[in-house]
Amino acid sequence: MRRLVIALVVIILLGAALFALTRPQPLAVVVHEVGRGKVEATLANTRAGTVEACQRTKLSTIMGGRIEYLGVKEGDRVEKGQLLMKLWNDDQQAQANLAQTQIALAARRSDEACIAAANAESEAKRQADLRARGFVSPSKEEAARTEAAVRRAACNTSKADVAQAEAKLKATRVEQGRVSLYAPFAGTVAKIVGELGEYSTPSPPGVPTPPAIDLIDDSCLYVKAPMDEVDAPKIAAGQPVRITLDALPGQSLPGKVRRVAPYVSAVEKQARTVDIEVDFEKPEQAAKLLVGYSADVEIILAGRDKVLRIPTAALQEGGQVLVLKDGTLEARPVKTGLSNWEYAEVLDGLQEGEQIVTSLERAGVKAGVKAVADSAAK
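Under the numbering used here, the first residue of the sequence shown carries the number -7, and numbering increases by one thereafter.
It should be emphasised that the hints constitute simulated quantities derived from the structure, not laboratory data.
It is possible that some hints are incorrect.
Simulated restraints, written as ranges between beta carbons of each label pair [claimed, not checked]:
1. GLU353 / CYS212: 43 to 51 Å
2. ARG251 / MET55: 34 to 42 Å
3. GLY230 / VAL256: 19 to 27 Å
4. PHE127 / ALA163: 50 to 58 Å
5. GLY284 / ALA163: 37 to 45 Å
For lysine-lysine, the following DSS-like pairs were computed, each having C-alpha atoms within a straight-line distance of at most 27 Å [claimed, not checked]:
6. LYS327 / LYS30
7. LYS248 / LYS298
8. LYS30 / LYS226
9. LYS72 / LYS162
10. LYS183 / LYS50
11. LYS358 / LYS327
12. LYS65 / LYS50
13. LYS50 / LYS72
14. LYS65 / LYS280
15. LYS298 / LYS226
16. LYS30 / LYS248
17. LYS216 / LYS50
18. LYS78 / LYS65
19. LYS280 / LYS72
20. LYS162 / LYS151
21. LYS216 / LYS72
22. LYS50 / LYS78
23. LYS183 / LYS280
24. LYS248 / LYS216
Keep in mind it's a predicted model, so treat the numbers as computed, not measured.
Cβ coordinates follow ideal geometry from the N, Cα and C atoms, glycine included.
Using the sequences provided together with the hints, build the complete structure.
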């Protein structure tokens, strides 16, 4: 009997040890404590946006020719109206000199004709006085009046010749403008295509030829970004925006939506977007940015402070979360409000301080499973 009791005790101990060794261990999961904070409803661009200049022009001469004068270098600051580049135009200059000479000649001839007209008019008046006193015949008076009218007509014609010569000079200067480039606004020369003595060719219709001078006004910058067409109806001018740039890691600059494009861009058949333009709320913060920087925008549609919130990644399909309660995972439906990619507002279904699972991608994580909080993930 004693041996039998000892054998039973040994069997029971072995069974308990075997059970302890083979029973399933609680699953380690990463949890997040439900708390309060700020939640915003936001929209983000689908592809990287770009920092653009408010004014930018790519200048080319109307005519082709050899570069005779290049008054700027890349990176130079220029003033409005400053001459940037001029092509060889000695032939046009010669025409301008000829036109100026013709103006001077026409002006002298006009003076001569008008002096003669004034003398003829004085003579016609004198003949009229003599005719009234009976000293000359009517025919001689008539001849004097006719001569005065002819001289006055010649004077007027000579004045028209002066105006014609001046118009010819203006036309010549217009032709000279076809080979010269002037700054349409104050800015910075971004790029120059061509060197002194090289031939510059304007862009023919339909042929993308690089411009001679790329001029930008970097004193005024904005961000242009593509937004998904589905989000376009929610976007309006004046909405606040957060701007982030790869060139300024860890910083966000405030801005406002300035314009929403009135059409959809189909860059790719399956990626239709609407371009928006965003102004920097504090332009001085953008003063050192370069045109062409990549930028991301986050449009803030609405926001609430000190609301119950959970990580958006903890939400499962159907609006459920897994709650770790008394060592077991429990499925809990929740009602959410505002949300973004980071947080979702909880309107109903959870209490502050409860622990919800965020490591949903781990194998075996489901309702009813025994689990413990993964301390290594804290």
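Tell me the numbers of any earlier hints that the structure contravenes, in ascending order. When the structure is compared with the hints, none of them turns out to be violated.
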